[in-house]
Amino acid sequence: MEVKKILPWSTLAIMIIAICLIFHPASTVYGPGGEVLGDYYRIFYFHVPLAWVAYFAFFVVFISSIKYLQEGGQKWDIFALSSAEIGVIFCGLVLVTGMIWAKSAWGVYWIWDPRLTTSLVLWLLYAAYLMLRSAVHEPERRARLSSVFGVVAFVGVPLSYLSIHLWSTIHPEVFKSGGIEGEFIISTLLVNLVAFTLLYTSLLLMRIDVERMNEKAQWFKKGA
Amino acid sequence: MRRCLNIAWKDLRAEFRTKQMLNSMLLFSFLIVAIFGFAFGPYPERIERLAPGVLWVAFTFAGMLGLSRSFASEKEQGCLDGLKLCPVDRSAIYIGKAISNLILMFIMEGVTIPVFIVLFDYSIPNLGEIGFVVLLGTAGFVFVGTLLSALTVNTRTREILLPVILFPVLVPVIVSAVSATTKVLSGVLNILDELRILGTYDAIFFIVALLIFEYTIEE
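Chain order of the listed sequences is A and B. Each residue of the first sequence is one higher than the last, beginning at 10 in the working numbering. Each residue of the second sequence is one higher than the last, beginning at 3 in the working numbering.
It is worth saying that the hints were derived from the structure and are not from the lab. A few of these clues could be false.
Covered stretches of chain B (chain A as the covering partner; in silico rule of three or more C-beta atoms under 8 angstroms from a C-beta of chain A) [stated by the list, open to error]: (1) 138 to 151; (2) 163 to 170.
Selected chain A positions facing chain B (Cβ under 8 angstroms, derived; list incomplete) [unchecked claim]: (3) L133; (4) L139; (5) A144; (6) V161; (7) A162; (8) L171; (9) I173; (10) L212; (11) M215.
Every residue gets a Cβ at the ideal spot worked out from N, C-alpha and C, and that includes glycine.
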């Protein structure tokens, strides 16, 4: 119980620190030639953590689906549902922040680049996952069928992550030598990663609570 | 393996008696090619740029018709329960279904390609390589499609749901198959990258489907 009380507040605190760091003058992003890039480049501090959380959320769906198929248990299904919902939102935000950045950097909102395409596919996959869930009404069958799809859909995650190695792309690669440099920039990014991971965890716990209450309400309705 | 072939043989025999599915698949793929003909005008200039897209749209859309019926026909007559009572492994049902779906797809593709050649007056170069790409691409399509067809047959809106959940999963296959076909048609035979992606995809989904197929038809 204690963790659930502390977590939202610590998330809020770290989010505020993270946002302050983003707008700190020292976290200005430099281009490959050392030139100062415009302030809109700071959106990258949101973009990268969002993408990481989306991947992680879909990984949780994958693991929970396997667990459900192996040993059953409604809690794994609730886990998968909650994580998928958050993942779809974060993945959508990845696309939106990416588009805002692309308009400034490349001059267009969207190009059919492998990284962008695979991220869009990832969003579609998990939107389809939620569609599938809404199409089945019996809880046990819904859990089983969506677990099968949760395993299948995970193929999109490595595909999106590895797309910059598989095909030629113009999407910048962050984690490599010559990607990002400077201690302050890296630590700002790391603080943001921690902040968004905590945000994901708090949202997940809240969503699970909501689902449990929902079930309780259903159970009372049946009893009445 | 014999058991898988028996299930596939049963499916194909039932299909060739009515030819319901095959006829609609053939007619639909013919329609798609014709519609592209109307859309692009009678004599498109750069037909070799359009051909891969037209062919793969025809294959996947017509294939979707077949897949959506693949398990639905079993469900309606209660045959699925009979199949499940057979003393065979559940994965044998999957392999059997996949084989019969593959054969129907190959028949449909074998008719669509000549129709395309005739309607667009286009002679396809490197037919052997095209055949190989089509083989690998269709295998990936059918391996995923058969699994998801079994999955959606238990939902109420299965005809709508199958394309919605199948196409995002299929994107890697369609992208690589179209790109390999484009290369081969323009005379470039260095398609190892695409073939590697197609081969890996086929292998991964075949194994994944074998492992989790039984959960889709459980009651």
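Here is how each hint holds up against the structure:
no. : hint       : in the structure
1   : 138 to 151 : holds (count 3)
2   : 163 to 170 : holds (count 5)
3   : L133       : holds, 4 angstroms
4   : L139       : violated, 10 angstroms
5   : A144       : holds, 4 angstroms
6   : V161       : holds, 6 angstroms
7   : A162       : holds, 7 angstroms
8   : L171       : violated, 11 angstroms
9   : I173       : violated, 14 angstroms
10  : L212       : violated, 24 angstroms
11  : M215       : violated, 28 angstroms
Checked against the numbered hints given earlier, the structure breaks hints 4, 8, 9, 10 and 11 and satisfies all the rest.
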